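Number of protein chains: 2
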Amino acid sequence: MSDTVKYLLDESRIPKAWYNIQADLPKPPAPVLHPGTGQPIGPDDLAPLFPMALIQQEVSTEREIEIPEPVRDIYRQWRPSPLFRARRLEKALDTPARIYYKYEGVSPAGSHKPNTAVAQAFYNREAGIKRISTETGAGQWGSSLAFAGALFDIEVKVFMVRVSYNQKPYRRALMESYGATCIPSPSPETQSGRAILEKRPDHPGSLGIAISEAVEVAAQSDDTKYALGSVLNHVLLHQSVVGLEAMAQLELADDYPDVIVGCTGGGSNFAGIAFPFLGEQLRGGRKVRIVAVEPAACPSLTRGRFAYDFGDTAHLTPLVKMHTLGSTFTPPGFHAGGLRYHGMAPLVSHVMDLGLIEAVGLHQKPCFAAGVQLARTEGILPAPEANHALKGAIDEALKCKEEGVSRAILFNLCGHGHFDMQAYMDYFADKLVDQDYDPDELAMALAGLPSVAA
Amino acid sequence: MSDTVKYLLDESRIPKAWYNIQADLPKPPAPVLHPGTGQPIGPDDLAPLFPMALIQQEVSTEREIEIPEPVRDIYRQWRPSPLFRARRLEKALDTPARIYYKYEGVSPAGSHKPNTAVAQAFYNREAGIKRISTETGAGQWGSSLAFAGALFDIEVKVFMVRVSYNQKPYRRALMESYGATCIPSPSPETQSGRAILEKRPDHPGSLGIAISEAVEVAAQSDDTKYALGSVLNHVLLHQSVVGLEAMAQLELADDYPDVIVGCTGGGSNFAGIAFPFLGEQLRGGRKVRIVAVEPAACPSLTRGRFAYDFGDTAHLTPLVKMHTLGSTFTPPGFHAGGLRYHGMAPLVSHVMDLGLIEAVGLHQKPCFAAGVQLARTEGILPAPEANHALKGAIDEALKCKEEGVSRAILFNLCGHGHFDMQAYMDYFADKLVDQDYDPDELAMALAGLPSVAA
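Those sequence lines, one after another, are chains A and B.
The first sequence: position 20 = 630 (our numbering), numbered continuously.
The second sequence: position 4 = 614 (our numbering), numbered continuously.
If you are wondering where the hints come from, they were derived from the structure by calculation, not from laboratory data.
A quick note: this is a predicted structure, and the numbers were derived from the prediction, not measured.
Certain hints may be false.
The calculated lysine-lysine pairs, modelled on DSS-like cross-linking and capped at a C-alpha distance of 25 Å, are [what the hints assert, rightly or not]:
#	chain 1	residue 1	chain 2	residue 2
1	B	K637	A	K616
2	A	K701	A	K1041
3	A	K1011	A	K616
4	A	K897	A	K975
5	B	K637	B	K1011
6	B	K1011	B	K701
7	B	K701	A	K740
8	A	K897	A	K637
9	B	K975	B	K616
10	B	K637	A	K701
11	A	K701	A	K616
12	A	K975	A	K701
13	A	K616	A	K1041
14	A	K616	B	K897
15	B	K637	A	K626
Only some residues are given here: those of chain A computed to face chain B with a beta carbon under 7 Å [said to hold, decoys possible]:
#	residue
16	L656
17	F916
18	G989
Think of the CB as a built atom: it goes at the ideal place given N, C-alpha and C, for glycine as much as any other residue.
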């Protein structure tokens, strides 16, 4: 058999509808609460931040939500993305496992993020919105929304966590190439930013602070809305194209996953690949083990509390029930910037709480080693975030070897590492450390959770 | 009609044979000469540097040369690459032209270079070679050969022009991720390198010097061969997959190019897209205008002499007849490192001499402006080299607008710019200058050409 096994779909096979797991859940997720009243919020409460079409998707329990033709039209540029069988990696591991990976690095921004960026830009454009504000950590999301904004003629303003803004000037340059404005956060442009800068002018920033700034900017202007790159239900919905395509591609391979592995920061690439398969299972189809891999240093699923919390630091967002480390929690420095968030998508948290998925925390060094192994076997150098999924998949494949059984393992290679070469240089120079989070800080952050009856 | 128009081919449509223009030339190119004797060299003279299969391809006049199955197998990872119709760019230019681009940035190394790297690694492996030495400027070629070496289990040693080695640590990190060794050139590892360092310990290096070093290393060891990423006939041959696929894809579009545009450094991506169409014309098919775009600051086709010259600085290579600026010519600093070579592929030079192609020299700033326009319309940020082809195509499209005619323009978008963000940052900061070459230096370099009867 050939060593390069790629399952391609014709562009007519780009899904025509997103899959919404809310239709198949045995129990609905906890409602989103207004931080002032503690009562469930309605669509109008969210209207200052999002166009109504996205708010409706946020709460919809329809199983299929049609993908608008202009969105499918842009998906066409890189979708259907390829599914590969990693035969060279299997040989290197000497495993009987069948390892498949869905490769989302083929998008113009290099990750899965444009799947939702394009959809969000489209609905904002339909609603007559002129500007979108957002935040970004490592820059994957910011550059994806900048790309989508360029295509729909929407101004994009990105608050980029200051430490990343300084460390990753190339991601910033990519956003600017697409025409977006990129501002280091905390910034003097917002009340939230100014409040923090007053206390500490050299504050390195955090995703939670950048969210506060972006939300504040959107809330203050009628023609400006806010966009989030993960966590929210509608974002997970848009990412379902990943799993839907993978399902069709595995049909071509005449195979079905026994295990699905994804990395989790906010949860969207994980849900994207896993939820369509989980939905099958919930509707009485074949059972599949689903493993979420998170950084051991930012372990919301494995060490966080399933509780109501704010999505941001300034507490401008509604309260959502999720696995959280507390909105003040600051993880130690590690390179997978896209996985450095204190919370987890409510829908991912909910299926975790229902026992439908597992989670594991990994340190970064073995994940980088896995990334280098993939480069040398499969030719693709993954993003540090994706290395977590890869390492999780390799661990599953090594279990197959130990047990002498062949299982089909599917993982989401959610982005390439071409903008993360400094991290690889640090890895090669043995400068990376596998720091643990500070348990005292976690305890303090959890003690500061808002008191809301769950 | 949809704005995203992608012409995909099934992987069964990856070409089964490379196209060799030497079969269709009205007049054979001038022979390669031995620098000592001034006589045409034979296969044995090249045997220390290349495996015999590649030497045979270098001199073959067969029209079709079968692509070995293990090479096609690896091509399958990213080939057939997509052909896009640039409808958003057409709208932005308000041109009646039909602009198509072949996108080679989808390869694991991000450019067209793996097309030949994989083939060269395969033939070396077949010949039992354990190590390949090569040079690289910007790093596109070095990282492509590193990728191919990893897949065929061949050690790759890359001499990287020192100024690029220091300026582009991320390209170097990519090579190292693939397992290659990367050495700044001039280096103390070779006689050629030491000779230069003695005179000037801080010498910034040049492609010509790095070639000398790589050739020297290969010539001294039986299990080490040399590989070149452009210029040579067999490299251009391997790149013909680009044009062959584009031809099939334009058939799907029910169109045929009136103009083909490619950028030229050594000439391989240009020949890759153009020669299959030129071959059609030479066999009595439809005539097509073919435009080579080179940097105005390194203008071998437009300002060089068509003469015998060395490929390297230390004069270790055979003499080839080509458009050359002289092997001592050093272009001023500009960002398209892949186009900074003093010579031009002999086959490209030959068809230029026969009047079958045109050439134009462009400065870098308008090319970067074109790259930003492509990012904001088509979503892809090109490499600085590819920006030259893009700008050439835009100029042709604007001519169509002026003349009120619709022509089909095909260009090769030979790589993405994700490793070139510093250049874009400099462009945005208005730090780029459009320097001209020094006419005195050119005159001196041309005066130093070896005296060989042409």
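Cross-check of the supplied hints:
1. K637(B) / K616(A): 42 Å, violated
2. K701(A) / K1041(A): Violated, because 30 Å separates the two Cα atoms, which is more than 25 Å.
3. K1011(A) / K616(A): The given pair, whose Cα atoms are some 24 Å apart, holds under the 25 Å limit.
4. K897(A) / K975(A): Violated: K897(A) and K975(A) sit about 32 Å apart, past 25 Å.
5. K637(B) / K1011(B): 37 Å, violated
6. K1011(B) / K701(B): With Cα atoms ~11 Å apart, K1011(B) and K701(B) stay inside 25 Å; holds.
7. K701(B) / K740(A): Measuring from Cα to Cα gives roughly 21 Å; hence the hint holds.
8. K897(A) / K637(A): Within the cut-off at roughly 18 Å; holds.
9. K975(B) / K616(B): 29 Å, violated
10. K637(B) / K701(A): 49 Å, violated
11. K701(A) / K616(A): 17 Å, holds
12. K975(A) / K701(A): This hinted pair holds, its Cα atoms lying about 22 Å apart.
13. K616(A) / K1041(A): This hinted pair is violated, its Cα atoms lying about 36 Å apart.
14. K616(A) / K897(B): 37 Å, violated
15. K637(B) / K626(A): 55 Å, violated
16. L656: 29 Å, violated
17. F916: 38 Å, violated
18. G989: 4 Å, holds
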